[in-house]
Amino acid sequence: MTDVITRTDPKPQAPVAPAKGGSAKERWVRRAPLLPALIFAIVVTQVPFLVTIYLSTLDWNALRPGDRPFVGLDNYVTVLTDSRLRSALLNTVLLTAGAVIFSMILGLMLAVLLDRKFVGRSVVRTLLITPFLVMPIAAALLWKHAIYNPAYGLINGLFGGSTDWISSYPKAAVITTLVWQWTPFMMLILLAGLQSQSEEVLEAARVDGANAWQIFVRMTLPHLRQYLELGALLGSIYLVNTFDAVFSITQGGPGSATTNLPYEIYLTTFRKFEYGEASAAGVIVVILTIIVATFALRVISSLFRMEESR
Amino acid sequence: MTTLAAPARRRLASSVWGIVAWIAGIVFVFPVIWMVLTSFKQEQAAASNPPTWVFTPTLDQYATVFDRNITPFLLNSLMASVFSTLLVIVLATPAAYALSLRPVAKWTDVLFFFISTKMMPAVAALLPVYLLVKNLGMLDNIWTMVILYTSMNLPLAVWMMRSFLLEVPREVLEAGEVDGAGLLTSIRKIILPIVSPGLAATALICFIFAWNEFFLAVNLTATNAGTSPIFLVGFISSEGLFLARLCAAATLLSLPVLIAGWLAQNKLVRGLSMGAVK
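So the protein sequences, as listed, match chains D and C. Each residue of the first sequence is one higher than the one before, starting from 1 at the first, in this note's numbering. Each residue of the second sequence is one higher than the one before, starting from 1 at the first, in this note's numbering.
Since the hints were made in silico from the structure, they are not lab data. It is possible that part of the hints are untrue.
[Said to hold, decoys possible] Examples of chain D residues lying across from chain C (beta carbon under 10 Å, computed):
1) F70
2) L73
3) Y76
4) K117
5) V124
6) I137
[Claimed, not checked] Derived coverage of chain C by chain D (criterion: at least 3 residues anywhere in the stretch with Cβ under 8 Å from a Cβ of chain D; other residues may be distant):
7) 134-147
8) 176-183
9) 208-220
Yeah, the Cβ is synthetic: ideal placement off N, Cα and C, and Gly gets one too.
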């Protein structure tokens with residue numbers, strides 16, 4: 001299928017091979033435009049992380065005056081044996097996976113619908129991307145108060161009953177809100193994938209007597225694989241950090257049913273003031289993210305190679 | 001017969017799928033429509049069960065929002081978003097140039113370094129950033145947010161601008177060089193006209209992310225530098241009805257991004273996928 005992609009995409013050119021050798025001055029002239037951004041990124045993103053590693057080795061509670069003794073890996077032991085962190089980890093996986101999988105399925109269905117020509121297609125596309133553009137905290141508050149509320153929320157208002165949706169189904173309530181916001185994102189990526197299919201190849205398959213379902217399963221889905229992977233991984237990277245929805249819809253509750261890692265670290269830092277433990281938890285999150293990100297980078301770099309091989 | 005029936009059947013099928021797509025679109029946008037409708041209601045009508053469909057629209061809730069002094073929050077959001085977007089563009093565009101048209105030796109490594117900073121969760125850096133900002137006396141300061149939002153959007157902008165710069169036809173650039181055009185001339189005459197739509201789209205997407213950001217804002221700002229999302233959270237009261245007011249504020253604060261996103265929708269997917277998907 002790769003050759004299909006190659007033939008149908010508009011052809012961007014691969015960058016010219018960087019000059020090998022060249023004088024030192026020439027190399028610095030090339031580097032100069034890059035340096036401000038690179039230095040900025042290193043200072044603002046890497047230095048705090050190094051500080052986090054240092055802080056994670058201290059026994060430091062901001063409410064307790066006095067010294068902050070070095071305790072080595074004790075904070076990691078505390079954090080990893082604490083059942084709160086394990087449940088936060090599990091909740092993070094459930095919320096992220098739930099939101100990514102459902103928004104992916106819905107996004108695929110909508111992308112297939114939008115790939116056809118019909119009256120007002122661009123209007124429908126605009127309607128469909130709108131949820132993604134609503135300020136996330138506004139979306140979360142809207143769902144909490146205008147939709148889930150047991151007394152005057154839209155669900156009970158339309159269908160009757162007096163279910164308290166948030167306390168009865170806290171995870172589903174958070175996931176539904178996230179799916180509503182992220183389905184448009186998945187749809188846009190998958191739609192781009194669908195539209196990069198070669199119309200001639202599909203037409204040829206039709207002439208050969210393949211029905212729509214066969215074409216979808218045998219040709220479209222394999223073609224979409226990279227786009228599905230990309231959507232899932234970018235979605236995971238953004239959604240693993242979900243904070244707004246948890247903060248405003250459930251405050252991590254009831255109990256700790258929806259407390260994910262970002263919210264747990266927020267509580268440890270700004271409610272319990274356990275700076276050492278919060279830092280250790282932060283380092284663990286980064287390690288987990290690196291594992292996910294390694295897969296993400298592999299997917300992105302395969303798209304990248306595709307682009308270069310043209 | 002079949003030659004006549006087949007196109008007709010296809011037309012029928014396509015209009016049926018068109019209707020399904022329209023229904024899906026309306027279902028998805030409905031919570032937003034409901035938010036906007038509710039913002040024009042009185043509080044009692046907003047909190048009625050069953051829901052009120054017919055009502056006399058009122059601007060009372062919007063008046064309340066402005067009475068509660070939304071303006072400083074709006075200005076803070078505007079400052080943080082506009083200045084961080086400008087800074088991002090100023091930093092990212094030359095960097096993208098050095099990673100595409102005139103690449104440095106290890107340009108792939110640099111690109112992947114940028115994207116890896118995007119993958120690092122903000123929670124992990126929150127505490128040191130908080131402590132540093134506190135020691136510098138820059139808590140609740142809008143310039144702190146400008147710096148942080150710049151670093152948040154920089155990888156996205158570098159990747160996006162790179163993918164737009166790669167569309168500049170090399171032959172034209174080389175022809176310009178042969179004709180003796182200096183760097184500034186070729187930027188102004190050749191590169192800018194081609195990438196300016198891309199530049200605008202990149203700026204819009206950075207603006208959207210900065211405008212919507214909540215996690216850093218809630219932890220690092222308070223009354224002086226509070227941004228719009230902070231205003232929205234402070235708007236909820238435990239007593240009395242507040243739904244219509246909340247919807248008015250949410251509508252107002254979502255509006256800039258809705259407009260920006262609708263304008264940039266053709267480039268949205270490219271930005272969100274860091275330029276990987278055209």
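Results of checking the hints against the structure:
1. F70: Violated, because the Cβ-Cβ distance from D/F70 to chain C comes to roughly 17 Å (cut-off 10 Å).
2. L73: violated (17 Å)
3. Y76: violated (14 Å)
4. K117: holds (7 Å)
5. V124: OK, holds: D/V124 within 10 Å of chain C, min 4 Å.
6. I137: Since chain C brings a Cβ to about 4 Å from D/I137, closer than 10 Å, the hint holds.
7. 134-147: violated (count 1)
8. 176-183: Three-residue rule not met by the region 176-183 of chain C, so violated; n is 0.
9. 208-220: Our answer is that it holds, as 7 residues pass the Cβ test (under 8 Å) against chain D, meeting three.
In summary, the numbered hints that this structure violates are 1, 2, 3, 7 and 8.
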